[in-house]
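K.L.:
Let chain A serve as the given structure and place chains B and C on it in line with the hints.
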Amino acid sequence: MSDRKKTTIVLFSGDYDKTMAAYIIANGAAAYDHEVTIFHTFWGLNALRKDTQVPVNKGFLEKMFGKMMPRGADKMRLSKMHFAGMGPKMIKQVMKKHNALSLPQLVEMAQEQEVKLIACTMTMDLLGLQKEELLDGLDYAGVAAYIGDAEEGNVNLFI
Amino acid sequence: MSDRKKTTIVLFSGDYDKTMAAYIIANGAAAYDHEVTIFHTFWGLNALRKDTQVPVNKGFLEKMFGKMMPRGADKMRLSKMHFAGMGPKMIKQVMKKHNALSLPQLVEMAQEQEVKLIACTMTMDLLGLQKEELLDGLDYAGVAAYIGDAEEGNVNLFI
Amino acid sequence: MSDRKKTTIVLFSGDYDKTMAAYIIANGAAAYDHEVTIFHTFWGLNALRKDTQVPVNKGFLEKMFGKMMPRGADKMRLSKMHFAGMGPKMIKQVMKKHNALSLPQLVEMAQEQEVKLIACTMTMDLLGLQKEELLDGLDYAGVAAYIGDAEEGNVNLFI
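Sequence order for the protein chains is A, B and C.
Using the numbering used here, the letters of the first sequence correspond one by one to residues 10 to 168.
Using the numbering used here, the letters of the second sequence correspond one by one to residues 10 to 168.
Using the numbering used here, the letters of the third sequence correspond one by one to residues 10 to 168.
A portion of the hints provided could be inaccurate.
For identical chains, the list gives no copy identity; a pair is met inside one copy or between any two copies.
Unchecked claim - In the DSS-like style, the derived pairs of lysine-lysine whose C-alpha atoms are separated by at most 27 Å in a straight line are:
1. K140 / K72
2. K101 / K14
3. K106 / K15
4. K106 / K140
5. K84 / K98
6. K72 / K59
7. K72 / K14
8. K84 / K140
9. K14 / K76
10. K76 / K59
11. K105 / K14
12. K140 / K76
13. K125 / K140
14. K125 / K14
15. K106 / K72
16. K67 / K98
17. K67 / K140
18. K76 / K98
19. K84 / K101
20. K105 / K140
21. K15 / K101
22. K125 / K15
23. K105 / K84
24. K125 / K84
If you're looking for bench data, these hints aren't it; they were derived computationally from the structure.
Only chain A is shown next, with the shape it has when bound in the complex (with noise of 0.2 Å):
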């Protein structure tokens, strides 16, 4: 196990373009056989939302913020303002057309290739966000468990 090359990406932007990045490097180094690891901070965790409205009970200011973000890869926005409205459409468009896979297949195939999917929990707690409202099967830690796993990392990135 101990002799397996390591990835472990922190997750932070909430971008779709970025995440898609992220996930695609996450699948290209689990295909190559890395052990890899996906911490999901801040924004990054809306990548994890399920589509769907779960209900939960909040306050007011975590209300606010789960109205406000994405709800789930397929939602996320373009790290590129300027072609916001646009960009998203034209992006899966041209995804669609050349057959490659969309953010939630990505993330699908992730979990089938056994990438670990870490959501922080120190995160959750700040944005308010349950474990009933994120996808089953994933893992919940904070900065020391990543801290963990980045030391013995053979590529380590912030994304």
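P.N.:
Just chains B and C, lined up with the frame of chain A:
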């Protein structure tokens, strides 16, 4: 000394949330006994500015940059434009509610934990920032020093 | 050969300032005798476009992307929206004043120092960019080649 693990972070971003992520990782790594360096370049330098105006002699362009850029960690913006305005206030409010450390407190903690805070001299030159305008206790260096640190690093991130 | 240190950079961003940072680090690492690779993906490919229009056959979507994206390093924008317009001009002006290298000069220097500039073939496909539209002397590869390089890397960054 040399058998300690090393974490180096290039902090390029001047966003409040990204800078928080950088300092949380840095403080976490320091707590796990890593030697930690944050190399502040471009907009990342703003995290190190004193929050008061310091009287220094500058050219016109340098004065403009000085005025346009946030003075210190507390005044920085969020990376998501559509949150701007409301976002930073909300984030600070939830952080307070959860007793999370604010960004200025995270910077202070990093200094207490002997995280090496480096200000990129090339950027200081370009943006016309002078040592008097930055926090006390910083190191000053260029890209060569960063490469020297990072090539021995276990965890290297660009944020 | 294999005992040289290695630096690999994924250049995802199409921002002028981030691309500058990437090329400054790459040139610095090359000067310290690292084997350096920049893997240009998504908007990062724009740094490699020729600054003139090259007549190629394209579909409608690909033409749109071609028009919307900056043609070459010199035409890229800053990462901070609120600086846009004024920002890039100011940056270029201070760079000139300080005799700093412009982005196109940094790309040229990287090529002279034998930094390996890779264009991501998957993105070229998606955005409809063709080899004729990009600079001469590039390598072409996909994520597998990146993983192969990065797993031997001492400094791996995502910018």
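K.L.:
Confirm or reject each hint.
P.N.:
For each hint, the structure was consulted:
1. K140 / K72: Within one copy, since 15 Å is at most 27 Å while 43 Å is not.
2. K101 / K14: Classified as neither; 32 Å inside a copy, 39 Å across copies.
3. K106 / K15: For K106 and K15, the Cα distance exceeds 27 Å both inside one copy (33 Å) and across copies (37 Å).
4. K106 / K140: between (35 Å within a copy, 20 Å between copies)
5. K84 / K98: both (11 Å within a copy, 24 Å between copies)
6. K72 / K59: within (15 Å within a copy, 35 Å between copies)
7. K72 / K14: Neither: 41 Å inside a chain and 41 Å across chains, both beyond 27 Å.
8. K84 / K140: So K84 and K140 pass the 27 Å test inside one copy only (19 Å; across, 32 Å).
9. K14 / K76: neither (39 Å within a copy, 41 Å between copies)
10. K76 / K59: within (13 Å within a copy, 36 Å between copies)
11. K105 / K14: Answer is neither; intra-copy 32 Å and inter-copy 40 Å both fail.
12. K140 / K76: Answer is within; shortest intra-copy Cα gap is 16 Å, inter-copy 43 Å.
13. K125 / K140: within (16 Å within a copy, 37 Å between copies)
14. K125 / K14: both (14 Å within a copy, 23 Å between copies)
15. K106 / K72: Answer is between: at 15 Å across copies they meet the 27 Å cutoff, but 37 Å inside does not.
16. K67 / K98: between (32 Å within a copy, 19 Å between copies)
17. K67 / K140: within (13 Å within a copy, 46 Å between copies)
18. K76 / K98: Both. Shortest intra-copy (22 Å) and inter-copy (16 Å) distances satisfy the 27 Å Cα cut-off.
19. K84 / K101: both (11 Å within a copy, 26 Å between copies)
20. K105 / K140: between (31 Å within a copy, 22 Å between copies)
21. K15 / K101: Neither, since 30 Å and 35 Å both go past 27 Å.
22. K125 / K15: Classified as both: same-chain Cα gap 11 Å, cross-chain 24 Å, threshold 27 Å.
23. K105 / K84: within (16 Å within a copy, 29 Å between copies)
24. K125 / K84: Result: close within a single copy only, 22 Å intra versus 36 Å inter.
The structure fails to meet hints 2, 3, 7, 9, 11, 21 from the earlier list, while all remaining hints are met.
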